[in-house]
Amino acid sequence: MLDTLTFKIKRQNNAESSPYWENFVIQYIPNSNVISCLMDIQTNPVNSKGEKVAPVVWQSNCLEEVCGSCTMVINGKVHQACSALIDKLEKPIILEPMSKFPVIRDLIVDRSRMFDALKKVQAWVSADGYHDLGPGDSQSQSVQEVAYKLSECMTCGCCVEACPQYTKDNNFLGAAAINQARLFNIHQKGNDITEQRLDTLMQEGGISDCGNAQNCVEVCPKSIPLTESIAEIGRQVSGKLWRNIFKA
Amino acid sequence: MSKQRVIVVGGGLAGLAATMKVAELGMSVLLISFLPVKRSHSVCAQGGINGAVNIKGEGDSPEIHFYDTVKGGDFLANQPLCKDMCHQAPYIINLMDRLGVNFNRTPEGNLDFRRFGGTLYHRTAFAGATTGQQLLYALDEQVRHYEVQGLVEKMELHEYLGAVLNNEGRCVGAVINSLRTGEIITVKGDAVILATGGPGLVYGRSTNSTVCTGTAVTSAYLQGAKYGNGEFIQIHPSAIPGRDKLRLMSESARGEGGRVWVPRKAGDSRKAKDIPDKERFYFLEERYPLYGNLVPRDVGAREIYDICVNEGLGVKGEMKVYLDLTHHTQEFLDRRLGGILETYEKFTGVDPRNEPMEIFPAVHYSMGGIWTDYTPTVDGLIDYQSPSNQMTNIKGLYAAGEADYQYHGGNRLGANSLLSCIYTGLMMSPGVINYVNNLPETAEDIPQKTFDDTCRQWQEKFSNIKKMNGSENPYSLHRELAEQMITNVLIVRQNNKLETTLDKINEFESRWKNIACLDTSDWSNPVPSFINQLWNMIHLSKVITKGALMRDEFRGSHYKPEFDLEQPDDFQPDTYVEFEKQKANGGLNESAFDKQHLAYMKRYAANNEKWLKTTIAEYKNGTTGLEGGPEISFEDVDTSLISPRPRKYN
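Read top to bottom, the protein sequences are chains A and B.
Oh and the first sequence: position 93 is 93 in this note's numbering, straight run, nothing missing.
Oh and the second sequence: position 615 is 615 in this note's numbering, straight run, nothing missing.
Isolated chain B, as found in the complex:
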């Protein structure tokens, strides 16, 4: 066995998929996780995983899945990656089935599929309404098997603090903090994969788990890794309000026929069940006859915002709408949605089988993440042997899963996240191993001093945090940061508000220095770690907010009403394809197009020219006055396979 090894940080789907694949290929893995890996945030994913297996005979194919994904993301995703992912999807579902995931079945015993948002096909394989949990468990079991065989070593209850870089800036290990002993040490690895998930806690309460602070990816950004598309934060249309967390109500509730409505009369005080059908406004069905309740999430969240804020039709005058499943039989609901309906009942005390649920939009997923690379083949797919796949601009530091930015563009389709996590973990592994095998020297050969110096810096940093004795409470400061982000950097964005938010965040950064460390003990003390996480959340919120401020357009989840191109109601996207074709052939016949359509298409083309680009944030000292902040630049997107065109879902 080689003495080289790969460090994987994060035990969710992406981290476990990479761990088992690297181990399968014969290389040792050190797996570092904040929690026992079986408790990772992937368990929260409910509805399913996409793959065009076409078991329903609808004529679905990976190419259509690819198109839906790219269109859903408003053309901001690099296309070869999306294409390869969608082509691998059916095999990934088969693999997970072989590994023991208890997917729902058809009467004949085949895998069953349901509908999800942003597509017209039954493409989503599911295991009840706990698909993420079931997929995670299957990977956890495989990794446990490798652990028994000695190829995988786990360090659970350890937090990643930063990368160890050698004198050439190459990543040769990681600094980790034991959440039990408070000891900070370095571990050596020839490549480090960050699979640490999303940053929901920047917004305080979200559908994310409590570990989702984004601190590991922010640490990479602060060390020089580029961060891509930070401003693209997905707001899920349906969540259940809660004081500690906004619990997800899966899109599968709508995939199985759930209907979203509000009373037609503002402030109607009657109980939902007492409101007759004709006095209900099924606004998604009326406004989007083709996709109905299954419009993509960015569209759904904006419509709910519009109904509640602009139209004033929210349930009981609040930011809430009904999600209604009561037309289904109890048996149907229990078989296909049991888990999520139990969750709703458990946390609200109301049985959604009898009463419509009350739901509202909540922060759910970050399409943005650390910038990573890839190598396409001539067919527009991915060369799996390339060491560049999923590598950040820091050599030897990789990212996968929600931590990276590559797969979902401006808006992610439901049930594509479980796919992208497993896909990246598996896809990148041969390239990571090639990278490690071709290194001039192993991490073991690097002078010990490199590790000791980095370790000492972090030990000092934490010992300084423990000495903090100011007047600010770290948890209260976090709530204030979250409040700013929720108020100003959510569904609807306005430049003046984004500017004041940036000022506010800079103010939080100053106030951070006046924090009191509420607990200074060494043993099992989460406070110093949280104070460090809060520093990172402050910096990540700058990336998100500044990216939003700079991007003067409306794309995917990033909505600035001021820059809405106002698509004419009767416009068809195919018209734009024709428009582009004529332009490319050098003979645009303007008179062949409707005047309004033509004007819109010109606006759309000009906007793409300027904004169809990846936002890149790089940490620069002193750029925003204080310690430092993001410098924003833009990078071209690979749209070589499907030409960009306006989205339309009605």
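Just chain A, with the same shape it has in the complex:
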């Protein structure tokens, strides 16, 4: 039985400063996860050298892996910290911020690029209004099951963190946004602007930036079939290209 746990945490004071590593040794308590250990460090912020330091900061909210906030790199693998159970992790436990986004401080990064991508692919249904317009269209169980799976994406960033094509200095939209484009192209009203979504995905940063490494689908915490979504959007884009050729 372990008595203590060692955490090696990559820290950074702000966006401009250099990162540094700091170790923390805390008491082992059964049924812990990375978040409960970070809470212990926050309550008693003393590093392994016995120095009082500023508490480590991170972002979290739901703690049940549905909000996507607490994504970080744990022992080299991107994951939500809340569902990273201590008993299943190799020790010492190494925590780093995600590498594909600007670091704000310690384990907090700025993922606004992902939300901007949702704007670019116009991931919404255009509604006539929010008053009573009767029921929506009926939908078969099989279509619902496909769409539901796609709609579980919580914009956590695991897929793009693992993607070799998604870098800080390019403008690839990434698997999450491509998956959302597929979701709304399936929807009976959302598909009104399918062509506009495909236009966006044909441009730089779109579908052709995917290098087919298939890392995204491996790391998705919701097991969303991201590579299928990319392939499907690829087919829709090819179809549109052919249509454009024949039009011309």
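Treat the hints with care, as some may be off.
Straight-line distance between alpha carbons at most 30 Å, and here's what the computed DSBU-like set of lysine-lysine pairs gives [said to hold, decoys possible]: (1) B:Lys320 <-> A:Lys222; (2) B:Lys56 <-> A:Lys189; (3) A:Lys10 <-> B:Lys466; (4) A:Lys222 <-> B:Lys346; (5) A:Lys8 <-> A:Lys119; (6) B:Lys316 <-> A:Lys88.
Calculated from the structure, these hints are not laboratory results.
Note that the structure is predicted; figures quoted are calculated from it, not measured.
For this one, chain A is given, so just place chain B on it according to the hints.
For chain B alone, coordinates are given in the frame of chain A:
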């Protein structure tokens, strides 16, 4: 475009529904949120949203939904609001369907519905077991669309600190704290809507997310807003224990046939699967043959408490019972409950498809919240054009969603919260716009000094917090506060314990002043903000505890055994309706009633006379010795549509 705008604080279902509706009606919105709105606590809601669409042909109707809601809340909710909400529910479900929510479907392709607690009808529409997440995403997408069109501006990663009031006490803006830069600024708005959710963190670990400190609503209370029914805190019967959080196990697990049981023999050490059926005590099914495992949450939580504490039958001697789904096929479970079963497996390492889950009750929802107003129509519905709807007693300051107190009375029915959040956001918006359009001067016309002075006060407050250099650790102090609340202000409440808890909280308030600010930097530093939140949590816990102390009765989630009216086992609620009718007609024929029943009905009537009232807490300086505390008064409840009667579920 008008230069007036509405500030919405909070990006959960209520805040996003209000944002999109106000924007649809053509007015600009500034949306302020602690986190990116897509990460709001509404994502945690699992089981579904209620609406009497009657797709199963059971004869369900909005009126029955209304009755179930009012009865579930033990008659403490203002009825016109509940009625209007239940009548709007089918349309809200249709709207969310149109906006792209992937609700589960019947084989024919219609929306599917399941059962939930406190009703006998299939009334709950659901998207797997992540309904809250799916509804939130649909609203998030609509708001993003308005953001692109320029009608909505978002300020995410900003925390609401307080309202800016003009010299007449009218709300004209908000003070906000950037969680990134630590900068405190004011923003101008002609109306401010607080849709900031519940206060679960007052109890430390709960089913709530980490942002649910109740700090925004407490700030409103400290500024003079009335707080209603604070003592009504819902304890959810089924949660999964955890060190950082008590994760919810949705009521839908029982809605889909999950059975709650304990071994009949105390301390039975056998594995759950090795205990034969006849040695299992399905206590909810035995005690409540009609509703079974789907009794309302207050009843369920109390029964689990009774089984574990009074009967000593908790699993392995602990405060835990089994929730069993293993009689269903894997395919059925994956289709209808996939998300929550994955969560259980992920966090406990046990597959609930093969082993019964171990669950226990946890703090889940606050029926209480900021007091808000409404304007009924002659039909007992709501006049949507009225600027009073959802307005607090501070002019121009509104509240919606879990932050307000109006819809759930003494106990909320499962799957009514998603409904009440979306409903309030949509319902209030025309009235808010009418309010703004009829103001004598816009927020822009208010002298800048009003904003600068308020801003400076908050900047000073935070700079003082950063200078705090005492010996108390804010996070440890929070744990102590939570421990008190969990021990003494939970399922079973006793006056002597509530009194000592109030003393303890006052002690925490003194100790708060001796806190050390563990991090004094400006950049992305959550510590000063947490210290301020802790101050607010201390004050909110006083509201909850004092309300509980004052209310000497047993109603809904507020259980004081000392004041249990002891309903006779064979009593039927209809008897009470007859009793009231006779009384009203001036001819009560006492001999027509069973003696015990009559005595009980008299006790019930006398109790309602005294306690069927909304608790109102108002912050008063110096009332509890220290800086100040709640002064409690009581306000009548509108019970004009359904006459109050005893609840019964067996």
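(request) Mind checking the alpha carbons of A:Lys10 and B:Lys466 for me, to see if they're no more than 30 Å apart? (result) Holds. A:Lys10 to B:Lys466 sits at ~25 Å (cutoff 30 Å).
(request) Mind checking the alpha carbons of B:Lys56 and A:Lys189 for me, to see if they're no more than 30 Å apart? (result) Roughly 26 Å separates the two Cα atoms, so the pair holds.
(request) Below or equal to 30 Å on CA atoms is what counts here, so check B:Lys320 against A:Lys222. (result) This hinted pair holds, its Cα atoms lying about 29 Å apart.
(message) Tell me if the straight-line CA distance from B:Lys316 to A:Lys88 falls inside 30 Å.
(response) 25 Å, holds
(message) Tell me if the straight-line CA distance from A:Lys8 to A:Lys119 falls inside 30 Å.
(response) Status violated; Cα separation ~37 Å.
(request) Decide if the proposed pair is consistent with the structure: A:Lys222 and B:Lys346, CA atoms, cutoff 30 Å inclusive. (result) 12 Å, holds
Checked against the numbered hints given earlier, this structure breaks only hint 5.
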